[in-house]
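**Student:** What follows is the residue order along each chain.
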Amino acid sequence: MVAGAWICLLAPLAGALGITLAGQRISRRTAGWISTLSTFVAFGGALVAFFGLWAADPSDREHVSTAYTWLAAGDFEVGLQIQLDTLSSTMMLVVSGVGGLIVWYSMGYMAGDDEERRYFAYMSLFVFSMLLLVEAGNFLLLLVGWGLVGLASYLLIGFWHHRPEAVAAAKKAFVMNAIGDATFALACVLLIWETGTLEFAGVFEDVGSLSSTTVNLVALGLLGGAIAKSAQIPLQTWLPDAMEGPTPVSALIHAATMVTAGVYLLVRAHPIFEATPDVQHLAAILGAATLLVAGAIALVQWDIKRVIAYSTMSQIGYMFLAAGIGAYGYAIFHLMTHAFFKALLFMSAGLVIHHLDGEQDIRRMGGLKEVMPRTHVAFLVGILALVGIPPFAGFWSKDGIIASALAAGGALGYTLYVAALIGALFTGAYAFRLYYTVFRGSQSEYAAEHAHEGHGEGPRSMLVPVWILTVLSTIGGLVVIPGVWHPLTEWIGETAEALVDPTVAEDYETSTLAVVLGLVGLFLARRAFQAGRQLVTNPAIWRVLEHKLYFDELYDALFFRPAVALSVALRRNVEEPVIERSLDEIGSGTIQVGGEVARVQSGLLRTYAVAIAFAVCVLVVVFVAVR
Amino acid sequence: MLTTALILLPIAGALVVAILPLPRETTAGLAFLVALMEVGLWIAAAARFDFDDGSLQLGTSREWVESLGISYSVGFYGFSLWLTGAAVIVSAAAIGYAVWIGRDRPRAYHALMLLLTGAIVATFASQDLLLFYISFEAMLIPLYVLVGVWGGARRQAATLTFVVYTMAGSLLMLASVVAFGVTQGTFSLVDSGTSDNVWIFLGFAIAFAIKAPLFPFHGWLPLAYREAPVEVAAVLSAVVSKTAIYGFLRIGLPKFPEPADDLSGVILVLAGAGLVYGSLLAFRAPDLRGVVAYSSMAQMGLITLGVFAFDDLGLDGAVLQSVAHGLVSASMFLLVGMVEHRCGTGELASLGGMARGRPALATVVMVAGMIALAVPGSATFAGEFLIMAGVYDQGWGYSIVVALGVVLAAMYTLRVISAILHVKPGPAVREGALDLRPAELALVLPMILALLVLSAWPALVSQSSFPGNDAAQAISDGFR
Amino acid sequence: MDGPDIGWYLIVAAMLFGIGALGVMLRRSPLIVLLSLEIMLNASNLTLIAFARQRGDLTGQVFALAVMAVAAAEVAIGLGLIVAMARRRMVLDVDQASALRG
Amino acid sequence: MNVTNPFYAALALIGNLASLAILYLLLAAEFLTAAQVLVYAGAVMVMFLFVVAYLGGRADAPWAGGPPLLRTAAVVAAAALLVEVVVVLGLAWGDDLQDPAQVADSFGSPAEIGALFLTDHLLAFEITSIVLLVAAVGGVVLGTTPEKEDD
Amino acid sequence: MIETPSVDWLALSPTVALLSASGLALLATVVVPGWMRKAVTAAVVLAGFVTAAVLAGVVFDESATPEVLLSDSMARDQLAAFAQVILAVTGAVVVLVSWTERRRDSYGEYYSLLAAAGAGMVFFVSAENLMTLFLGLEWFSLCLYILVALDTERAASLEAGLKYLVVGGFGSAVLLFGSALVYGATGEIGFAEIASAEPTDDPFLLAGLAMIVAGLAFKVSAAPFHMWTPDVYQGAPSSVTAFMSAATKTAALVVFLRVLVTAFPSEADIWTIAVAVIASISLVWGNLAALAQRDVKRLLAYSSISHAGFMLMAISADSARGGEALLYYLVPYSAMSVGAFAVVAARERELGRPVTLESLAGLGWERPYHGIAMWTFMLGMAGFPLTGGMFGKLFVFSAAYEAGDWWLVLIGVAATAVSLAYYLNVVRWLYMRSGPELRLAPAGGSPPRDLALGAALGAAVVVTVGSFFAVQPILDVAADAAASLPF
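Residue numbers (the working numbering), protein chains in the order written: chain A, 1 to 627; chain B, 1 to 480; chain C, 1 to 102; chain D, 1 to 151; chain E, 1 to 487.
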């Protein structure tokens with residue numbers, strides 16, 4: 001089964017290399033197929049690994065396999081090793097499965113783009129990196145995967161490199177992630193010096209023996225990485241811009257997999273976080289804050305993908321919340337369901353965009369229900385799952401989280417609980433605002449002229465994955481039914497045992513509340529839509545939300561401009577005047593002195609005689625005087 | 001014997017090229033052939049080299065001046081062999097580029113390039129203080145003319161500043177060499193003991209600091225890197241700067257344990273300052289070469305941090321990073337040259353949009369750039385991580401500085417990548433500007449591939465650089 | 001012995017030497033400069049002979065004799081030079097001979 | 001020393017040399033006295049006068065002139081030289097300058113000097129002759145410069 | 001009847017060989033018809049120098065133990081022989097260099113005087129008492145006065161001659177007076193005897209020593225006794241300049257070493273310091289002034305002053321190693337300076353006017369051979385590796401450092417750093433000027449082939465580079481030579 005894990009890891013890499021090396025020699029379509037198949041092969045490998053693990057005895061569900069020593073210095077060694085356990089196997093399934101579907105989908109979506117090959121190479125590279133991330137057997141390798149997904153996301157966001165916004169967004173994403181990587185790396189450095197190893201097992205053993213400051217710092221470092229990657233406050237600003245990339249990319253990277261890596265890290269490194277509850281709670285609080293802020297901002301966005309992006313942020317906020325209070329099972333569970341329905345949403349949004357020749361502004365859509373009924377169904381399912389209407393997938397996972405917050409109790413627990421519930425309300429509101437403005441009502445003239453019947457809703461390669469995901473979003477949540485069974489949470493629990501376990505009662509009361517709030521949101525959105533007005537009417541609030549709470553402006557003023565100013569100042573005031581010119585000055589100075597010296601050589605014979613005479617006198621005086 | 005061959009082959013080649021009155025193409029081809037043979041020789045050497053016991057190997061020693069204890073003694077340790085490898089590959093690529101670009105006065109040009117190669121190899125191989133000094137200086141002779149004759153508009157200022165500045169440094173080193181050799185009674189690095197004279201150490205340290213260069217001794221760098229012929233700049237930043245690192249590793253630390261320890265604080269601070277300073281300047285440099293030049297200055301600061309971490313992680317990291325940075329900065333410089341060749345300028349403002357329709361260029365630039373900014377998983381990342389980890393022991397602040405450097409590197413590298421490849425074509429980019437020709441690819445790809453191999457297995461270098469894979473021990477024992 | 005102490009001879013010699021030096025340093029006519037050189041040499045001669053006498057050792061005298069010859073030779077060459085300069089219509093003034101300078 | 005006309009200067013020098021000759025005599029160096037008179041008063045001075053005559057009035061350059069600083073410097077230097085030697089004398093006066101060695105009458109006689117020249121100082125003798133020869137050659141080479149107007 | 005002393009003809013043989021060459025040349029100028037006069041005299045003198053070199057080699061071989069001849073008037077030891085070899089070889093090379101020198105017909109005299117001067121120096125280095133010292137000095141000085149002024153059609157040449165004569169006369173007068181004082185103090189003129197004579201710190205002795213140091217420093221052209229050097233070097237015929245810069249310095253330095261070490265060991269504590277100071281003044285002064293020069297001969301003159309500084313450094317060490325260092329340094333140095341002046345001479349003849357930096361422009365590309373040679377010499381003088389200059393500096397420094405004069409080493413290092421600026425500047429003009437500057441050079445048109453000069457350059461380059469790789473043998477010989485002094 002370990003072999004399966006390795007196959008799962010390497011297949012996409014092979015795909016990526018193959019496409020790159022083949023270059024022009026293969027058709028774009030072939031490239032697409034190579035990428036898709038390699039991903040599905042990976043999925044196969046994941047299945048093998050998963051069921052192998054499933055069949056294995058519960059005590060024997062953690063396997064570490066090392067290929068070779070990747071990096072070594074003195075007696076410090078880091079192997080290229082993968083760890084196969086319940087957590088990673090689940091993630092492998094999600095990543096490769098959803099990934100495969102999305103890659104497949106993008107064959108249709110990207111058809112006709114003249115750089116398809118590059119696209120698919122990048123996609124495969126991403127899948128590989130993501131799998132490396134989830135399979136990594138030690139922190140350094142995890143960091144490597146961590147960085148590589150960042151790279152892939154940079155490449156894919158900036159895929160349409162002729163568009164300045166795309167390039168800018170890509171750079172922004174990369175730099176912000178680089179910050180995360182840096183803190184992550186620093187955490188690793190600390191671990192090396194404190195524990196002498198970076199292997200999960202080794203580190204987790206020693207966590208107990210570390211000083212609290214050390215643990216705090218390590219945890220903070222990891223958290224920083226997680227926040228950057230998962231676009232949580234305060235490093236969230238890159239994600240919305242990342243929507244500049246092709247839609248499938250948004251679906252895969254910025255919804256289903258990469259952005260949730262933060263959650264995975266929190267769960268994976270839970271012993272460290274548990275050793276320092278404050279930091280862990282900080283994660284939860286940040287998650288809560290993000291889910292509220294993002295939800296609120298989503299209320300006022302006009303770009304269909306940005307709305308979904310903000311919803312992603314807020315959903316990840318839920319996961320952080322869960323991980324923060326120790327409900328690891330639910331965190332991963334929500335991660336999975338969210339992967340399903342958010343990918344679904346993005347892909348059906350992609351269908352719409354594709355259908356409208358790349359239009360993304362929802363103000364120019366509307367009434368698409370008639371023109372694209374199947375898409376409409378898929379999208380609706382996605383929305384319901386998102387809002388958490390039973391029995392759709394989102395319902396089970398999200399309510400599990402909220403319930404856990406309740407169960408956690410204490411001031412913190414209750415605040416988080418309330419926040420989560422309000423978040424549910426927001427979710428309902430913005431989700432249905434989106435739904436109504438896009439699919440209901442009368443067609444906008446733009447939609448009318450572009451949405452001509454006939455050329456269907458898209459090629460099969462796009463529709464089939466959508467269907468599959470629709471199904472998954474519908475029934476995918478049934479693996480955990482409070483009071484009935486929860487195999488998934490237990491399964492995850494084997495690796496990361498949950499700290500809180502909501503009772504059935506808490507579960508049901510939470511569910512009712514959440515569902516009700518979601519429905520309230522629905523009705524608000526509906527009323528506003530029918531009245532033809534906005535959800536947020538207060539212009540001041542509107543402006544604030546529209547500017548995303550001015551985070552971009554803040555960072556621009558706080559970091560970017562100072563950096564530029566500093567660099568320019570250094571060049572103007574240090575480099576050129578001091579460092580460079582000083583040399584010239586020294587040189588010319590010496591030469592001037594030389595000129596003076598040479599001038600003494602007057603050419604007058606008698607001066608020479610005088611000079612000699614004087615020198616002789618001096619010599620004689622000295623000689624006679626010394627003795 | 002093999003080592004001597006490694007040193008003599010390029011020099012002999014230089015003489016042949018200089019003397020034989022061959023037609024242009026033949027001359028250039030011959031030079032390139034010699035460079036390739038040099039690479040082949042190195043491979044042979046590496047094959048003979050037993051990396052597990054990292055003691056001095058492939059050594060030769062012959063008395064030169066008995067009365068002063070000067071000897072021609074050469075040989076390799078793991079790290080010097082790796083540095084040499086980078087050197088020969090880079091200079092082969094550089095010579096190849098010169099051939100492709102068709103430098104005029106090929107006989108003189110290639111003779112000098114080969115001479116430079118020989119001097120560099122000799123520097124890395126020398127196990128005698130004076131031999132080290134000699135080859136350290138000998139590098140300047142060809143560089144002076146290469147920059148001064150084939151350089152850009154302000155080449156004369158550049159070359160004079162460069163040589164006089166570096167020479168001033170190495171003359172201080174000469175004073176130190178004399179003092180050390182005379183007090184020790186021998187100049188052999190193998191036999192001589194340690195010294196605790198701070199002044200002597202300072203002589204060496206300043207010379208190396210200028211060569212690297214470390215902040216604030218980099219006054220020669222901007223002009224030299226801008227005005228030099230691009231392939232010479234490549235050799236300069238990729239390899240010549242590394243001789244300073246070799247100096248620190250082979251002489252500075254082992255021979256002067258106490259002084260090095262006493263002054264490590266200062267040097268670390270300077271190195272850190274250089275890292276940040278260089279990165280910041282690179283971040284706003286107006287032209288391609290400026291960015292690469294300052295970034296390589298930042299990298300040297302980083303490597304020096306690793307060296308003066310005094311522990312396995314830092315030292316191994318420094319070596320790994322030296323090799324990786326050598327390869328990557330050479331590829332960057334050559335790519336810069338290829339871009340400038342197409343657009344006639346390196347001004348970032350007038351470039352852009354070259355990715356469209358030029359897949360090869362786009363891919364190579366992207367890969368090189370990503371390795372340059374040390375994306376996790378790359379060899380440079382491995383090196384930087386080791387250094388970051390190693391220098392932590394000297395003070396957590398340094399690790400933070402390294403981390404900061406990583407972020408800044410991301411900023412300026414992305415800036416330059418986008419400036420070349422992305423958005424709409426700049427004024428200087430003609431539609432007709434071609435994609436990389438096969439010849440150019442053939443020059444850059446080997447280095448990129450080497451980097452990818454290193455990325456897949458950085459331990460290859462980091463594990464085999466020092467005797468007994470125990471850098472700190474080896475250094476403190478003075479490689480006995 | 002008859003005559004003053006050796007010391008006085010030496011003082012005379014010193015004065016001659018000084019005068020000669022002064023001449024070289026002050027006069028501008030090459031001829032007179034040559035003369036001054038002669039005087040310096042003679043001063044040395046006087047010293048030599050004085051010491052020879054005082055030591056009762058003839059080496060000094062021999063030395064002095066050799067010096068005379070040398071002095072004569074120097075004069076010969078010097079005069080030849082001056083003649084050559086005069087032939088080339090060069091002004092016979094050492095201050096004018098300052099084309100080579102810097 | 002402040003005669004402007006080289007002719008008189010030369011004559012003055014003759015006087016000077018003659019008086020030196022007397023001093024030599026007092027120092028019991030008869031042969032040298034003779035030589036002094038012959039070589040200088042004879043050969044050298046004659047050469048001088050020839051040249052002076054040949055050059056005619058053109059020759060005399062004014063006294064001193066040039067930068068005043070230089071002049072003062074010259075005087076100072078010369079004075080310093082003089083003073084130093086005198087001081088040295090003063091330092092050394094006490095010990096052995098009083099009592100000169102007793103010497104035979106033949107001291108400084110041509111015979112002895114000749115003997116020395118042919119034995120101990122043979123080389124010196126030879127060299128002297130060579131030097132004179134060289135001087136002769138030089139005088140000829142330089143003297144026989146053809147007149148040149150151009151350049 | 002006087003019994004004539006037995007003369008060791010072998011010791012004198014180099015001198016005699018050169019003298020006879022000179023005499024023959026002189027004869028030839030009279031008897032040989034004009035059209036072949038130049039050839040004959042040149043051949044004779046060349047032969048003379050070569051024989052002298054060979055004989056000096058033999059002497060070196062024969063006289064392992066130093067001995068003093070002719071009632072301590074000259075020494076026969078390896079130090080003298082070593083110097084004589086250098087001198088003779090230099091002379092031979094200069095003969096080659098001067099082959100195509102244009103001059104009014106006095107070729108015969110030129111060569112005969114060259115030989116005479118060579119003979120003077122060859123004798124000078126073996127002088128063992130103050131009289132022979134003075135006479136030898138005057139001997140070659142007089143020859144040089146004439147040689148410098150020989151180009152009587154050039155005003156510069158005459159001016160140089162006059163200056164050299166007057167200042168030189170002044171210098172030798174000082175030397176003579178000093179000798180007189182020393183003689184007075186000790187009653188001896190032989191070096192060894194002076195050393196063994198009673199009065200150690202007799203004021204006469206000290207004053208005399210001071211004046212002797214001054215007189216010799218003058219010949220070495222060390223600052224502040226150097227001021228004649230630039231003018232004379234610039235004005236003199238280039239071949240003569242080459243000869244002076246290499247040979248005069250060699251002779252004067254060797255004698256300097258010999259006198260100080262042999263005759264004044266008990267005053268070492270003073271003269272070491274004095275020499276060290278003179279050395280550092282020369283280093284600073286020479287290098288700084290050289291920075292400002294445009295005329296190449298003048299530039300080289302100043303550089304020769306700074307080199308004098310380096311070599312005096314070695315003398316001031318007052319140790320066997322110092323002697324070795326000096327003697328080793330002399331080998332590459334004389335080769336480099338003769339070579340450099342030879343290149344200048346060639347350019348001069350080609351352009352027919354004094355050589356300034358501007359008129360070197362592009363020489364490196366027009367005349368690759370000369371260019372590379374000049375490059376080698378410049379780098380060598382700057383002390384770059386691959387030339388003996390580097391080892392020369394190294395040995396001098398280590399000698400000084402051993403003697404405890406670390407400050408002197410630092411001054412030397414600084415001076416070298418400064419000197420780079422102008423040495424490299426020459427290379428820069430050779431290779432890196434282009435376009436307008438090149439118009440100063442005659443466009444195309446290769447100069448008259450000059451095999452003799454080519455050969456001379458070749459020899460110089462070979463010595464310059466060879467002395468780098470063959471350090472040990474040269475150093476051994478130098479060590480033997482230095483061993484003949486009582487350190």
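Mixed in with the good hints there might be a few duds.
[Said to hold, decoys possible] Pairwise CB distance ranges, derived in the manner of DEER restraints:
#1 A/205 x B/480: 46 to 56 Å
#2 B/191 x E/476: 37 to 47 Å
#3 A/595 x E/39: 40 to 50 Å
#4 B/1 x A/271: 22 to 32 Å
#5 C/5 x E/62: 33 to 43 Å
#6 A/75 x B/350: 29 to 39 Å
#7 D/75 x E/268: 34 to 44 Å
[To be verified] Example chain A residues on the side facing chain C (calculated, C-beta under 7 Å, incomplete):
#8 195
#9 487
#10 526
#11 600
[As the list claims (entries may be wrong)] Sample of chain E residues lacking proximity to chain C, with all beta carbon distances greater than 12 Å (derived):
#12 24
#13 131
#14 153
#15 231
#16 369
I should point out that these hints are in silico values taken from the structure, not numbers from a laboratory.
Beta carbons are placed, not taken as given, at the ideal position from N, Cα and C, and that holds for glycine.
**Student:** All hints are to be evaluated individually against the structure, with a verdict given for each.
**Tutor:** The hints, checked one at a time:
At roughly 38 Å, the beta carbons of residue 205 of chain A and residue 480 of chain B sit outside the given window of 46 to 56 Å. At roughly 22 Å, the beta carbons of residue 191 of chain B and residue 476 of chain E sit outside the given window of 37 to 47 Å. One distance hint, 40 to 50 Å for the beta-carbon pair residue 595 of chain A and residue 39 of chain E, holds here, with the actual separation near 46 Å. In this structure the hint that residue 1 of chain B and residue 271 of chain A lie 22 to 32 Å apart at CB is violated, the actual value being about 57 Å.
Distance hint check: the CB atoms of residue 5 of chain C and residue 62 of chain E are about 50 Å apart, inconsistent with the given range 33 to 43 Å. The given range of 29 to 39 Å is broken by residue 75 of chain A and residue 350 of chain B, whose C-beta atoms sit roughly 52 Å from each other. The hinted window of 34 to 44 Å between residue 75 of chain D and residue 268 of chain E holds, with their beta carbons roughly 35 Å apart. For residue 195 of chain A, the interface hint is violated, since its Cβ never comes within 7 Å of a Cβ in chain C; the closest pair sits about 74 Å apart.
With 7 Å as the threshold, the beta carbon of residue 487 of chain A stays out of range of chain C, its nearest partner Cβ sitting at about 99 Å, so the hint is violated. Interface restraint check for residue 526 of chain A: the shortest CB-CB distance to chain C comes to about 99 Å, outside 7 Å, so the restraint is violated. Taken as an interface hint, residue 600 of chain A does not check out: its beta carbon lies about 10 Å from the nearest beta carbon of chain C, beyond 7 Å. Distance check for residue 24 of chain E against chain C: the nearest CB is about 22 Å away, which clears 12 Å, and the non-interface claim stands.
For residue 131 of chain E, the shortest C-beta to C-beta distance to chain C comes to about 5 Å, within the 12 Å cut-off, and the non-interface label is violated. At roughly 8 Å, the least C-beta separation between residue 153 of chain E and chain C is not larger than 12 Å, which violates its mark as non-interface. Under the 12 Å C-beta cut-off, the non-interface status given to residue 231 of chain E relative to chain C is violated; the minimum distance is some 4 Å. Listed as a non-interface residue, residue 369 of chain E keeps its Cβ farther than 12 Å from every Cβ of chain C; the least gap is roughly 30 Å.
When the structure is compared with the earlier hints, violations turn up for hints 1, 2, 4, 5, 6, 8, 9, 10, 11, 13, 14 and 15 and for no others.
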